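Trainee: Residue numbers (the working numbering), protein chains in the order written: chain R, 1 to 377; chain H, 1 to 377; chain Z, 1 to 326; chain F, 1 to 326.
Because the hints were derived from the structure by calculation, they are not lab data.
It cannot be assumed that every hint is accurate.
[Said to hold, decoys possible] As a list, the in silico DSSO-like pairs of lysine-lysine whose alpha-carbon atoms are at most 27 Å apart:
id	chain 1	residue 1	chain 2	residue 2
1	H	Lys190	R	Lys218
2	H	Lys325	R	Lys243
3	R	Lys218	H	Lys250
4	R	Lys351	R	Lys326
5	H	Lys325	R	Lys250
6	F	Lys252	F	Lys218
7	F	Lys158	F	Lys251
8	R	Lys190	R	Lys250
9	H	Lys243	R	Lys250
10	F	Lys46	Z	Lys243
11	F	Lys46	H	Lys218
12	F	Lys243	F	Lys218
13	H	Lys108	H	Lys243
14	H	Lys190	H	Lys250
15	Z	Lys158	Z	Lys243
16	F	Lys46	F	Lys251
17	Z	Lys251	F	Lys251
18	Z	Lys251	R	Lys218
19	F	Lys315	F	Lys252
20	R	Lys250	H	Lys108
21	Z	Lys315	F	Lys243
22	R	Lys250	R	Lys218
23	H	Lys250	R	Lys243
24	H	Lys108	R	Lys243
25	Z	Lys180	Z	Lys158
26	H	Lys190	H	Lys218
27	H	Lys218	H	Lys243
28	Z	Lys315	Z	Lys218
29	F	Lys251	F	Lys315
30	R	Lys108	R	Lys243
[Unchecked claim] According to the in silico footprint, chain Z covers these stretches of chain R (three or more CB under 8 Å from chain Z):
id	stretch
31	98 to 110
32	134 to 148
33	151 to 158
Note that the coordinates shown come from a computational prediction; the quantities given were computed from them, not determined experimentally.
Note that CB positions come from ideal geometry on N, CA and C, so glycine has one too.
So the chains spell out like this:
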Amino acid sequence: MVKATERPTKSRKAAARGNGAKGRSDGAKARSDGAKTGGAAQSNAAIAGVASHIGLENERLAELYRVMLTSRLVQDRMFVLQRQGRAAFAITGQGHEAAQVGTAAALKPGFDWVIPYYRDVGVCLTLGMTAREIMLDFLARAEGPCSGGRQMPTHWSKRELNIVSGSSPVGTQILHAPGIAWASKIRGEKAVTAVFFGEGATSTGEFHEGLNFAAIHKLPVIFVCENNGYAISESSEKQMSVKHVADRAKGYDIEGIMVDGNDLIAVYQTMAWLVEECRNGRGPKLLEAKTYRIVPHSSDDDDRRYRSREELADWMTRDPIDRTKKYLIDHGALTEEQDAEVREQVDVEVKEAVAYALGAPMPEPETALLHVYAEGV
Amino acid sequence: MVKATERPTKSRKAAARGNGAKGRSDGAKARSDGAKTGGAAQSNAAIAGVASHIGLENERLAELYRVMLTSRLVQDRMFVLQRQGRAAFAITGQGHEAAQVGTAAALKPGFDWVIPYYRDVGVCLTLGMTAREIMLDFLARAEGPCSGGRQMPTHWSKRELNIVSGSSPVGTQILHAPGIAWASKIRGEKAVTAVFFGEGATSTGEFHEGLNFAAIHKLPVIFVCENNGYAISESSEKQMSVKHVADRAKGYDIEGIMVDGNDLIAVYQTMAWLVEECRNGRGPKLLEAKTYRIVPHSSDDDDRRYRSREELADWMTRDPIDRTKKYLIDHGALTEEQDAEVREQVDVEVKEAVAYALGAPMPEPETALLHVYAEGV
Amino acid sequence: MAERSVIEAVRDGMSEMMAADERIFILGEDVQQGGVFRATEGFLDKFGPQRVVDTPLAEASIVGVAIGAALNGLLPIAEIQFADFIHPAMDQILSEASRLRYRSVGTWTCPLVIRTPWGGGIHGALYHSQSIESIYAHIPGLKVVTPAFPEDYKGMIKSAIEDPDPVLFLEHKKLYRSIKTEIPEGDYRTPIGPAAVRREGDDVTIFAYGLMLHESLKAAEEVAGEGTNCEVVDLRCLRPLDKETILSSAKKTGKVLVVYEDNLTGGFGAEIVAIVAQEAFEYLDAPIMRLAGPDIPTMPYAPPLEHFYMPDAAKIAAAIRELAAY
Amino acid sequence: MAERSVIEAVRDGMSEMMAADERIFILGEDVQQGGVFRATEGFLDKFGPQRVVDTPLAEASIVGVAIGAALNGLLPIAEIQFADFIHPAMDQILSEASRLRYRSVGTWTCPLVIRTPWGGGIHGALYHSQSIESIYAHIPGLKVVTPAFPEDYKGMIKSAIEDPDPVLFLEHKKLYRSIKTEIPEGDYRTPIGPAAVRREGDDVTIFAYGLMLHESLKAAEEVAGEGTNCEVVDLRCLRPLDKETILSSAKKTGKVLVVYEDNLTGGFGAEIVAIVAQEAFEYLDAPIMRLAGPDIPTMPYAPPLEHFYMPDAAKIAAAIRELAAY
Ligand SMILES: Cc1ncc(C[n+]2csc(CCOP(=O)(O)OP(=O)(O)O)c2C)c(N)n1
Ligand SMILES: Cc1ncc(C[n+]2csc(CCOP(=O)(O)OP(=O)(O)O)c2C)c(N)n1
Ligand SMILES: [Mg+2]
Ligand SMILES: [Mg+2]
């Protein structure tokens, strides 16, 4: 939670916006001409916009960095397990770590409400789910807290954390957010609802209906779009005639904010400001985190069909984990030695999670009949 | 059709916009404080913005005025017939005549494509449907060109005029427009597609998906919203957080234009300009005609439950037919004697239409089985 | 005992529940003004705008927002103005409301009532007359009720509101004001599930629900004078379905007629037939008959066409005679 | 004769039609890149971006825009990436495409093909495994086809494209690459409507379609060794439905098993039962049996759960044995 004194100032807010726009125009350029632009320099430039990490203590920053590492490793491992034939399918979000961890870090776990989408390993880990839990669900184990093996991997859910169960149809969850926020609001609770989705989801009717409803009733909802430039193979120009998802906010007279989604600190601070706004009755908000998935859409996808290796390479230079590490080191929050250590710890943790999940039983066949309706009604 | 030389100039366009905004803010004020504002004076003021009727010869103006009168009378008669028990239901659009006739007049009948909605008697008459045809369908007669008694009244259709068959679910038709326009466009035809709906329809997912698709492909579609301030009992603040439907265009990076929908000439000229824009590849466009229905939503509705008689009375002072008449007289296009004469003619025409339709047979019961599929396939 | 129409019964049921439990709220189009059928007449004054919410004209959002509210502890009653306009909300009902409990292994639940007026015979034409029960009664995780009498409308709307799972509550438009019957005093419930035998008989069983139940009762009266004694079963609830009552009546009479207003092919009545054909086969003395709407869009407007479409007492009586004579 | 898989058959059928008629175009998500199942592989190069259109992620618009294009003279093939995601387009399919001809007394028509992959057994879980045929085969004005063999996939996609009415073309995902059979040379058609008897027999008739047709054939093989001779009817097309073939086979064997993958209750198989129970009653020697998916959300992911859900040859053989022994 951001305390009032730590709340980003107006200029802080402007900086976040500026970064976002800049980060994006780089991205857009890299994409449209397919040329190698000076990725590293630009990503440094984007970072340079963030002069400090108000609201984030060094320890908290290190913690979030660790979550990012865990998120990355868990997902890398998912692909391996899938290729080994131990999972039928994998869909992951490597590259989105800053966007996910930065936004989730600004929320109060178990108090605020969160509706993640399939890529949001980072969101769930930040809120308190463990690598083990994530692996249990990934491997369709009975013990998995999300669905106990009923849903495809990465359909998150954890009641205790107010992480709402998600489905596969893109966009449906966007309508639940105003409903959840409505309930919080009429009970006079200060909880904020954050709902996550990709830019492809902004083409759905649900997106319009959800923003419209939330805006009419001024509900405390943050619509978080992780804009990675693609919906499977379709680049974002096929989804929208506006340049930025944030522009879509104009049709509802709400604020649409862009942020460099690969910049952990910019994401965190922007989100913290929006959370604060929503808590104080100034919602809803639309946040667009510009990012990139550095992996194919899923284990079924071959992304070479629709995007160049140069484009990918360019984005790799702006990897959010590398950027965060550099920032931490530059600001004295991490040493190379500590980094090696934390990576080692994360590796152990994830290995343990995989081993545990592999050893855990799948659900019994007849349990398929349970929980269609409440028992005994 | 507007010829190139007659096309409204930039300043003309600005005038149209200005009128719209003004006409509307009057309306909004009248509505929100429920007080009698100086309706007559303001409606004159709005008219005063229209200094000339470029693009409309006097004869054409008189013709459109006659269509407005016919539209009004046909619909008044519908209510009478319904009260007499000769029709189960009536839904009409008195008050919308300028918005309907002005827009339709800028289209080329049988060349351009039109998807009207249920209130659009004026659109259909302008495009060439007759009072008799309208009455035949209103009274569910077999000979009715729209549906031969299959649909509720005012579900328009006439193939020869490219008037596309409509249904009752609000909003579905908005998605057909980009499809129709797509076909025109890829065949290299210059036809424009105009789709009509109320402001309530802009809340639907279809509105978003339709504008999004059309904007991405730059299709020649004019989305015409007849904003009468209410969706049945719900005032427009319950439908949207923006003040104007035209504001919704911003989310698609297309032009959203407002016009005083009770000002025939402003509507015509604005629409003519938008048609020209679309013909020249600069579509799509969103046109918002601010108007008011001076009747209940339908024969099943009691509008006293949700709007004051003062508000209604105020709008009555801005009746589009009165305003058009005054304009014609002021500009020497009509005399009081001619007015009486044309009203007499329209009265005869509508009486004949009603008499004919009442005498025409209803469909035979077994014909209900026809046209579910093509015959013999 | 007081006399109540169907619409009054629904209104009273909701109102009594809302007065007793603050978590219950209504959302839909025009509900503040009372709703187009006046089901929520007076509610705005009684319960205020936070519990009687006028929504934008967007059915997916009506159900989607209701789901969200249900997830966060409220008990929403979503009104869809006409059943014909529920289709945009199909995804929310099928993919979300009906599957939340299952997909989360029971950790999330979705206690939600969706009320909507259905059915024809009211000059509503193609888009104000539809039967939607076959689509929804097919969905595991959802409950679908189709009462016929004011007593059940009141008792079942209360049960639906208390139900921990989503319930689609179908109100037949033609019954809203056309029948008025005595209903019990006090705070009673009609359970969601059991069918009710409305008329006992030995010769032929008629299974029906909604408006068709009343037409079936009329037809049964008609043929009674001719010596044919019909049993008429009011299914009331299509999901869960009371197989026990269905089978015991089918076994008793050995002749079964299933009546429904929906299009014949693929209508929910086929399910009743399938249950009987598999589980009461040995007791059957005649082919299982169905009487339903023809396979044309439901339903054309002009009175001759609408009348052609609608099953009614006369058509039902003719079918009974055929079956009785078998 | 060449060997083709199902996906190749669909692809070839569309490609040949598109080469011959410029009005035909495809729209859907990721279709330019070949589609997630690669049905339109190579189409972008062959036909260009105006005839292979990548749409925004919005299924209502995919169908709605296709309807508009059909109204204005084109012949659209709308691809819905998975049948599970068709629900937002339900309103456009039911209220618009299927009713345009009827409501305009034949003056407007909507020649449109909607292709979508359906069915389970591919670890697709709750949202990539659904059966949607019961919802759509119920709709007058729409045609619904569910082929099982490559030959029919090719012949029927061509018929569907030429059909003057909207056709929902259901492609079973598990069949896409799992079977490869010989198909005729040349520009042939498979008519939309007639069922096909895939195996003749006297003891028991099995009605099935899609993947279940293949499982039924396997089961029939299995019980043949035990002296039970099954007739296996491939329905192929659920609307229109080939009642004649259904009834004549039912009358011949007197024992009927209907197999479908969808949830049991309210599944389209109930309609087959209802037709037989009414029109072939006198020929029946046993209860009409159904074997279908259990009434749980279709279908859970973990292999033990998915296997529990799916009807297969073993379960079908068990049902045949029961029926044969009756
Ligand atoms: C309604 C619906 N249509 C299609 C799909 C298939 N699909 C799954 S993910 C996806 C792309 C989503 O893109 P975006 O919203 O940008 O999120 P991203 O995957 O890029 O994070 C598609 C088309 C789906 N799941 N739901
Ligand atoms: C999808 C849908 N929901 C509800 C209705 C019922 N209904 C008919 S007209 C109407 C209001 C439409 O308002 P608006 O779009 O502003 O048009 P207006 O009637 O004011 O011209 C409503 C709610 C409907 N026809 N379709
Ligand atoms: Mg994306
Ligand atoms: Mg309106």
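Trainee: Against this structure, judge whether each hint is valid.
Mentor: Hints versus structure:
1. Lys190(H) x Lys218(R): The hint is violated at about 43 Å.
2. Lys325(H) x Lys243(R): violated (46 Å)
3. Lys218(R) x Lys250(H): OK: Lys218(R) and Lys250(H) at ~20 Å, within 27 Å.
4. Lys351(R) x Lys326(R): It holds: about 26 Å lies between the C-alpha atoms, which stays within 27 Å.
5. Lys325(H) x Lys250(R): Roughly 39 Å separates the two Cα atoms, so the pair is violated.
6. Lys252(F) x Lys218(F): Holds, because 21 Å separates the two Cα atoms, which is no more than 27 Å.
7. Lys158(F) x Lys251(F): violated (33 Å)
8. Lys190(R) x Lys250(R): Judged against 27 Å, a Cα distance of about 26 Å means the pair holds.
9. Lys243(H) x Lys250(R): holds (12 Å)
10. Lys46(F) x Lys243(Z): It is violated: about 56 Å lies between the C-alpha atoms, which goes past 27 Å.
11. Lys46(F) x Lys218(H): Distance ~24 Å between Lys46(F) and Lys218(H) Cα, so the pair holds.
12. Lys243(F) x Lys218(F): holds (24 Å)
13. Lys108(H) x Lys243(H): violated (32 Å)
14. Lys190(H) x Lys250(H): Roughly 26 Å separates the two Cα atoms, so the pair holds.
15. Lys158(Z) x Lys243(Z): Cα-Cα ~23 Å, so holds.
16. Lys46(F) x Lys251(F): Outside the cut-off at roughly 50 Å; violated.
17. Lys251(Z) x Lys251(F): Between Lys251(Z) and Lys251(F) the Cα gap is close to 24 Å, so the pair holds against 27 Å.
18. Lys251(Z) x Lys218(R): Distance of about 59 Å is beyond 27 Å: violated.
19. Lys315(F) x Lys252(F): With Cα atoms ~24 Å apart, Lys315(F) and Lys252(F) stay inside 27 Å; holds.
20. Lys250(R) x Lys108(H): violated (34 Å)
21. Lys315(Z) x Lys243(F): Between Lys315(Z) and Lys243(F) the Cα gap is close to 24 Å, so the pair holds against 27 Å.
22. Lys250(R) x Lys218(R): holds (15 Å)
23. Lys250(H) x Lys243(R): holds (12 Å)
24. Lys108(H) x Lys243(R): With Cα atoms ~34 Å apart, Lys108(H) and Lys243(R) exceed 27 Å; violated.
25. Lys180(Z) x Lys158(Z): This hinted pair holds, its Cα atoms lying about 19 Å apart.
26. Lys190(H) x Lys218(H): It holds: about 13 Å lies between the C-alpha atoms, which stays within 27 Å.
27. Lys218(H) x Lys243(H): Holds: Lys218(H) and Lys243(H) sit about 26 Å apart, inside 27 Å.
28. Lys315(Z) x Lys218(Z): Roughly 11 Å between the alpha carbons, so the hint for Lys315(Z) and Lys218(Z) holds.
29. Lys251(F) x Lys315(F): holds (24 Å)
30. Lys108(R) x Lys243(R): violated (32 Å)
31. 98 to 110: violated (count 0)
32. 134 to 148: That given contact holds, which follows from 4 residues of the stretch 134 to 148 of chain R lying within Cβ reach (below 8 Å) of chain Z.
33. 151 to 158: holds (count 4)
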